[in-house]
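For the protein sequence lines, the chains are A and B, in the order given. All residue numbers in the first sequence are consecutive under this note's numbering, ending with 512. All residue numbers in the second sequence are consecutive under this note's numbering, ending with 1024.
It is possible that some hints are incorrect.
[What the hints assert, rightly or not] One side of the interface only, derived from the structure: several residues of chain A facing chain B at Cβ under 10 Å:
hint: 1; residue: P30
hint: 2; residue: P44
hint: 3; residue: Y113
hint: 4; residue: Y175
hint: 5; residue: D221
hint: 6; residue: K271
hint: 7; residue: G273
hint: 8; residue: G360
hint: 9; residue: I416
[To be verified] Derived list of chain B stretches under chain A, where covered just means 3 residues or more per stretch with a C-beta under 8 Å from a C-beta of chain A:
hint: 10; region: 529-542
hint: 11; region: 592-605
hint: 12; region: 615-628
hint: 13; region: 797-810
hint: 14; region: 864-874
[Unchecked claim] Beyond 10 Å from chain A on every Cβ pair, some chain B residues (computed):
hint: 15; residue: L521
hint: 16; residue: Y687
hint: 17; residue: I759
hint: 18; residue: L781
hint: 19; residue: G785
hint: 20; residue: G793
hint: 21; residue: Q877
hint: 22; residue: A916
hint: 23; residue: G917
hint: 24; residue: P977
hint: 25; residue: T992
hint: 26; residue: E1001
hint: 27; residue: D1002
hint: 28; residue: T1014
The set of hints was computed from the structure by calculation and includes no laboratory data. In this text, all values refer to a predicted model and were calculated from it rather than measured experimentally. We put the beta carbon where it would ideally sit given N, CA and C, even for glycine.
So you can see what is in the structure, the chains are spelled out below.
Number of protein chains: 2
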Amino acid sequence: MVRNSLGRLVPEIFNNQARRPYCDPFSLQPTGQRASRTLRRVNPGFNKVLASLKDAIIASGLKDGMCISTHHHLRNGDMLLNMVVRVIDSLDIRDITIASTSIHPVHAELIPYIKSGTIRGFECGVNGLIGEMASKGEISCPIIVRTHGGRARAMSTGEVKVDVAFIAAPQCDRYGNMNGYYGPSACGSLGYAHLDAEYAHCVIAVTDNLHDYPVSPISIDQTQVDYVVQVEKLGDPSKIVSTTTRITKDPVGLMIAKYASEVIETAGLIKDGFSFQTGAGGTSLAVADNVRKKMLAAGVKGSFGSGGITSYFVDMLEQGLFDTLFDVQCFDLEAVKSIGRNMKHLEISADMYANPFNSGAVVNQLDAVILGATEVDVDFNVNVNTESNGYLLHNTGGHSDTAAGAKLSIITVPSIRGRLPIVRDAVTTITTPGETVDVIVTERGIAVNDQHPELKKELIKRKLPVKDIRQLQQEIVAMTGIPKPLEFEDDIVAVIEYRDGTIIDCVRRVKE
Amino acid sequence: MVRNSLGRLVPEIFNNQARRPYCDPFSLQPTGQRASRTLRRVNPGFNKVLASLKDAIIASGLKDGMCISTHHHLRNGDMLLNMVVRVIDSLDIRDITIASTSIHPVHAELIPYIKSGTIRGFECGVNGLIGEMASKGEISCPIIVRTHGGRARAMSTGEVKVDVAFIAAPQCDRYGNMNGYYGPSACGSLGYAHLDAEYAHCVIAVTDNLHDYPVSPISIDQTQVDYVVQVEKLGDPSKIVSTTTRITKDPVGLMIAKYASEVIETAGLIKDGFSFQTGAGGTSLAVADNVRKKMLAAGVKGSFGSGGITSYFVDMLEQGLFDTLFDVQCFDLEAVKSIGRNMKHLEISADMYANPFNSGAVVNQLDAVILGATEVDVDFNVNVNTESNGYLLHNTGGHSDTAAGAKLSIITVPSIRGRLPIVRDAVTTITTPGETVDVIVTERGIAVNDQHPELKKELIKRKLPVKDIRQLQQEIVAMTGIPKPLEFEDDIVAVIEYRDGTIIDCVRRVKE
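So here's chain A without its partners, still in its complex pose:
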């Protein structure tokens, strides 16, 4: 074990691989070449379409101890990963590592396969029950949590080697050209899966919508796809994209959103060329709505909106408030429709979105990003992975990537959740380092990182409730009391990789 620059004790070896401790957000330089696939040759007349997932898995050469992946664009409606693991199990292949782009609660169905040894671990973060059970010591499977940009990095450096990628393809032709725009399982952008298509040793397109050649537009093309398999259903359309993302009506959320949009305005960012990212939560959407109004009032034409795209951003594109949307993932059905019809609504890969090890990701061009937290601390560190009960319940997503890239990263968070104070002395788990977090906005006050004295001064001038982070913490704790500290065992359940691949923290088994 070694202490990283944030004071966290992290392992030097985890899951039999050497790990480096986190040092700082920007200085680690990559060495060597990008990874690449084996050269192959496909002559005219070759038939890529196989009769079943089983046939495709056999054709892929998947064996004990190998690594597979799927993407999470179908979100909690995904049926493919569970389907694949059932077939793998039926073929008596064991010890498989899953390096999907994310795991959702629907994949709790994998738990028996973890227990039986079909699945040995996760080269990806896990949302929901798997993380909870691992945190309790009820299942044993090493978990390596990565940011979206960090996963792209790990694929591109060859640190994660996917043997067989199963790509859910909502529209696909017999030669493997695909997009996510049309069909019963339409999910929009396939941005996270581009990396799998580029780097996996074998790429299997799985579709419930086999279309005449050629599918167009094309998100992932025939030159990268080895086999095509038809299944009855890729996903549950009602859960593929959330259609319940609406602006919050909660007064606390609305207050936070008001403050956050005023911070953006005060920072002088709402001007021509403004670029912006926010998530799909009710408060985030309220910020987007406020920002939209401010842009309209000021007659500002922004440059781009990025990230998980919602109908709010689609509206802003269509109103001319953005020139372009960079879409790594669609969060709602309006976004899915838009990406299938608008040439200014661009699908981008996770590499282009957020990989720190290329010639410049989209996050580097962001003016402002609105992010959430389960906890923050007085050093501005942010936790999004574990809850205050210590359980690993959430993936990092693009949190650390956008925080590092954007000129202004704003954490919006209620000061109290479930009677617990959200501003801590030290977060349970560090996901995103405080040096990349600029402002924390709660309904009780706004804390500005010391690296922005001018912004702080200007916010005070505008009579916004700026508070020192410790003062804010004390006000909150005065109401909630100091929560009983969590107790942990020594066993490490998961490591939290920073986007550059260093270990920023780890998650330990919770003492019951």
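With the hints as your guide, set chain B onto chain A.
Same frame as chain A, but now just chain B:
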């Protein structure tokens, strides 16, 4: 020297590299991994825009003996390659290899730099004076002629390593996102340059149209571009794309076109899902026009048109005769306009177009392709590189790639050119092997390769002028006489690579 399977004596070493003799079109299997670029990191705030080409060349680290590339989408209007070489010369860098996607007559300006040793050779074919002078022994520079798919292959295997790629970008932002659709030097698709962006050690975008971030749509993106340079002018718009491509009015050409379209019809290909490629010559366009009429008459909906795209194919897309256009290169201004507005008009890379060493190129899905020739021979071999004077004057383009991929490859060629017979005992230079050529159509008769006895029978049944290739040759020679055989020195001016990288022929110095 070694004799390849077509009986041509080819070198085992050329330009200090080992070469393999051609064997057959499909069996050579690649080994190893795809090439890849060095990993790099670009943090927020990095400025890619440099003040001049000179600054960019210095920043790129270009040194004596290295290799550079440009693309040929600006065709004979390109100003960039000459500009780059002038700056390289001014920096006293010598012994540079040019691995551009093609060289055009406008690049005759490079001849003094070849003579002075600034340029040492070409990892690409050359159109025009450079090839002629090399053929006469007036300049000395090894030339390796590749097909479009062969260049993609050589880049992807690492056989050609480009140190610095200069990519002419008709619309480009400060972070290197670019397309060729808009601006004073708009050329449409940048399909050939995708490979350079992916594999070159350093990528410099050069633009005469620096646009606010972000350019969208994006053909080549910021993650691959290291520097951006603004110049006054990338090209001469009147020569960037040819606007003079019209259907031939020559009765010989019209007769050939009529026969060729009847061959396609007779082969049973004009049905739903039909896919088609043809070039921009007057006869090719006449074939396209005939095919269009036949499709309309039969109520057929095709799948895709591919290749260099002309207004004829744009019309067919807009009329619903094709579902999709796969555009590696725009041949006229209507194609440029279309690719900038129509989501079914897709830009594809040379890799996707024609690389034999990936999971399946577009050429593999072609039903019919119409191709030209400078000569053909009684074994159906085709020459497009040298003229009957023996001078290397033309690049291969996608000739051998589409011939190998398409179900039906048709060579359309007048029987006599400049009083010389076009059907020979043996072509001067083999570009495309006869085993991938299905039908040769002249105004005097149609020769069908023996591998298609059914098609031959059916054509005869339809009373088309089918002739044995030797009979056709004799009829032609009866009028022209037998031309005096060319005489060559032993020195090899250029090797002609087949698409798989083997040497199918070489070009020798012409005896004066």
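Hints and how they fare:
{"no.": "1", "hint": "P30", "in the structure": "holds (4 Å)"}
{"no.": "2", "hint": "P44", "in the structure": "holds (4 Å)"}
{"no.": "3", "hint": "Y113", "in the structure": "violated (30 Å)"}
{"no.": "4", "hint": "Y175", "in the structure": "holds (6 Å)"}
{"no.": "5", "hint": "D221", "in the structure": "holds (6 Å)"}
{"no.": "6", "hint": "K271", "in the structure": "violated (13 Å)"}
{"no.": "7", "hint": "G273", "in the structure": "holds (7 Å)"}
{"no.": "8", "hint": "G360", "in the structure": "holds (4 Å)"}
{"no.": "9", "hint": "I416", "in the structure": "violated (33 Å)"}
{"no.": "10", "hint": "529-542", "in the structure": "holds (count 4)"}
{"no.": "11", "hint": "592-605", "in the structure": "violated (count 0)"}
{"no.": "12", "hint": "615-628", "in the structure": "violated (count 0)"}
{"no.": "13", "hint": "797-810", "in the structure": "violated (count 0)"}
{"no.": "14", "hint": "864-874", "in the structure": "holds (count 9)"}
{"no.": "15", "hint": "L521", "in the structure": "holds (27 Å)"}
{"no.": "16", "hint": "Y687", "in the structure": "violated (6 Å)"}
{"no.": "17", "hint": "I759", "in the structure": "holds (27 Å)"}
{"no.": "18", "hint": "L781", "in the structure": "holds (14 Å)"}
{"no.": "19", "hint": "G785", "in the structure": "violated (7 Å)"}
{"no.": "20", "hint": "G793", "in the structure": "holds (25 Å)"}
{"no.": "21", "hint": "Q877", "in the structure": "violated (6 Å)"}
{"no.": "22", "hint": "A916", "in the structure": "violated (7 Å)"}
{"no.": "23", "hint": "G917", "in the structure": "violated (5 Å)"}
{"no.": "24", "hint": "P977", "in the structure": "holds (29 Å)"}
{"no.": "25", "hint": "T992", "in the structure": "holds (36 Å)"}
{"no.": "26", "hint": "E1001", "in the structure": "holds (37 Å)"}
{"no.": "27", "hint": "D1002", "in the structure": "holds (34 Å)"}
{"no.": "28", "hint": "T1014", "in the structure": "holds (13 Å)"}
In summary, the structure is inconsistent with hints 3, 6, 9, 11, 12, 13, 16, 19, 21, 22, 23 from the numbered list given earlier, while agreeing with the others.
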